[in-house]
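Model the full structure from these sequences, guided by the hints.
Below, each chain spelled out in residue letters.
Number of protein chains: 2
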Amino acid sequence: MQPKTNFRDVFYVSDGTAITSETLGHAVLGQFDIETRQTTLPFVETIERAESVRRKIEAAYEETGIRPLVFYSIVIPEIKAVIEQGPAHFYDILNSLVVPLKDDLQLEPRPMLQRSHSINKDAASYQDRIAAIEYTLAHDDGISLNNLDQADIILLGVSRCGKTPTSLYLAMQFGIRAVNYPFIAEDMKSLVLPKAIEPYRYKTYGLTIDPERLVTIRQERYANSQYASAMQCEQELDKVEAMFRREAIPYLNTSSLSVEEISTRLLDMSGLKRKMC
Amino acid sequence: MQPKTNFRDVFYVSDGTAITSETLGHAVLGQFDIETRQTTLPFVETIERAESVRRKIEAAYEETGIRPLVFYSIVIPEIKAVIEQGPAHFYDILNSLVVPLKDDLQLEPRPMLQRSHSINKDAASYQDRIAAIEYTLAHDDGISLNNLDQADIILLGVSRCGKTPTSLYLAMQFGIRAVNYPFIAEDMKSLVLPKAIEPYRYKTYGLTIDPERLVTIRQERYANSQYASAMQCEQELDKVEAMFRREAIPYLNTSSLSVEEISTRLLDMSGLKRKMC
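Residue numbers (the UniProt record's numbering), protein chains in the order written: chain A, 1 to 277; chain B, 1 to 277.
All the pointers check out, no bait thrown in.
Restraint-style ranges between C-beta atoms, simulated for each label pair:
| no. | chain 1 | residue 1 | chain 2 | residue 2 | range |
| --- | --- | --- | --- | --- | --- |
| 1 | A | 223 | B | 33 | 58 to 68 Å |
| 2 | B | 87 | A | 63 | 47 to 57 Å |
| 3 | B | 47 | A | 270 | 18 to 28 Å |
| 4 | A | 185 | B | 87 | 48 to 58 Å |
No more than 20 Å apart at the CA atoms, straight line, and that leaves these computed lysine to any residue pairs for SDA-like:
| no. | chain 1 | residue 1 | chain 2 | residue 2 |
| --- | --- | --- | --- | --- |
| 5 | A | 275 | A | 131 |
| 6 | A | 195 | A | 239 |
| 7 | A | 102 | B | 34 |
| 8 | A | 275 | B | 34 |
| 9 | B | 203 | B | 150 |
| 10 | A | 102 | B | 32 |
| 11 | A | 56 | B | 273 |
| 12 | B | 195 | B | 142 |
| 13 | A | 102 | B | 96 |
| 14 | A | 102 | B | 33 |
| 15 | A | 273 | B | 49 |
| 16 | B | 275 | A | 36 |
| 17 | B | 275 | A | 37 |
| 18 | A | 273 | B | 37 |
| 19 | A | 102 | B | 30 |
| 20 | A | 56 | B | 269 |
| 21 | A | 275 | B | 39 |
| 22 | B | 195 | B | 144 |
| 23 | A | 203 | A | 242 |
| 24 | B | 102 | A | 34 |
| 25 | A | 203 | A | 250 |
Because the hints were derived from the structure by calculation, they are not lab data.
Where is the CB? At the ideal position from N, CA and C, for every residue including glycine.
Shown next as structure tokens:
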């Protein structure tokens, strides 16, 4: 049996979106064998809100008798001080790096409202990103093969191999204009690269997937259909992969990869720069 | 004039996607007055790849005579050691928190391949997320008002106030099923809550925007159109905001907010839980 002390309340607290605190806290906690109950408290920008955070920390401590873990990022010292009065273990996610960096750079930091996901830092790149999302939506799933000259990347593959989520992630996270185009059952008789894509093959990449995994995914959507049958899935994948090889289109098997991993691997393969958003 | 030492090469290095290293490094560097040239090197999973990273660090140092800054997260000690031979300042983004956490928890960490954006940890929640993206795409921009019982949140607003990017971000980042529905010029004569949405008003939120900002955004798309005119924008916003108030739909002005900020504020307003993806 697990000792009860392996349970911890975890709070992610920030004067911004708390997305960075959450991401990092999650990664760090993944290294410990503990059970957690997690609460995210963004936009803690006033003393009142900080007091409410402190009360939540106190309540968790009173309920469990165990000090909660607080991953936080707050710039204004007065607000920070209120939270730090709570009965918890505190991890300042930025300061733990700012302090050594300050020594190495021999520069003083200029703390400012920690808005790592804000619009104001770089309005132009922000508009680029919105435009990339729009472009990608307009070129999802073969809707359009116009304006391919403006694409940063073109993805090909069978239905349900991960093209749409990957394209949207590339646009949303990295400001990349992604086109995706599906091959369907009717294409299989004489599978060729679509004419419109040929001039852009240098920025074209394939996605593929293990047949078993494809069957599972398609069954969830259309159980017992021809479309989801093992034979159909195997045939489509065979033909499409053969085409990728024949046409020298680099391709990636998505079976065990998350959307983030597929996206960053594609950036890596293509040499495309991440545009930080 | 800025002294030349304010320039730094920055490397983000990881055995995973490097998304966490990038996000955190970016936030930390934002606090210092330096100019940077940034390189991201994901999937450093072999000694060979680590040696190539080390050579890149060496090359940067030789070119500039200034030690680069390396934000990194690598689990396997042998791979880590190769990179740390480079002439750089190193910031281990996870260890800087794992070390104090270990003391506070009095538990040993169990280092594992740092896959904070991977599919394997929790396949069910990953499938939920893909389903959320699909649902959200199928309910973008008023395409469908079916199956609203399955929505986590319903967003209303005029054209170009941020509904689509916000909906997609909610789905992608938090696994939330978002519906969005636009009000168009023709709706303005007698603006009411769509009948299909009425039963779900408890999960309905409005987005609004300053008229000047809306004009700018619409002009970029359809310059000199009626649609982008100041009069049209003001009128639409007046009517839609009046409707939000009349119907007691909580709403949010998106003018100075990023997609991340709009999304997290909506979660905050609605009490919806973030599903970590």
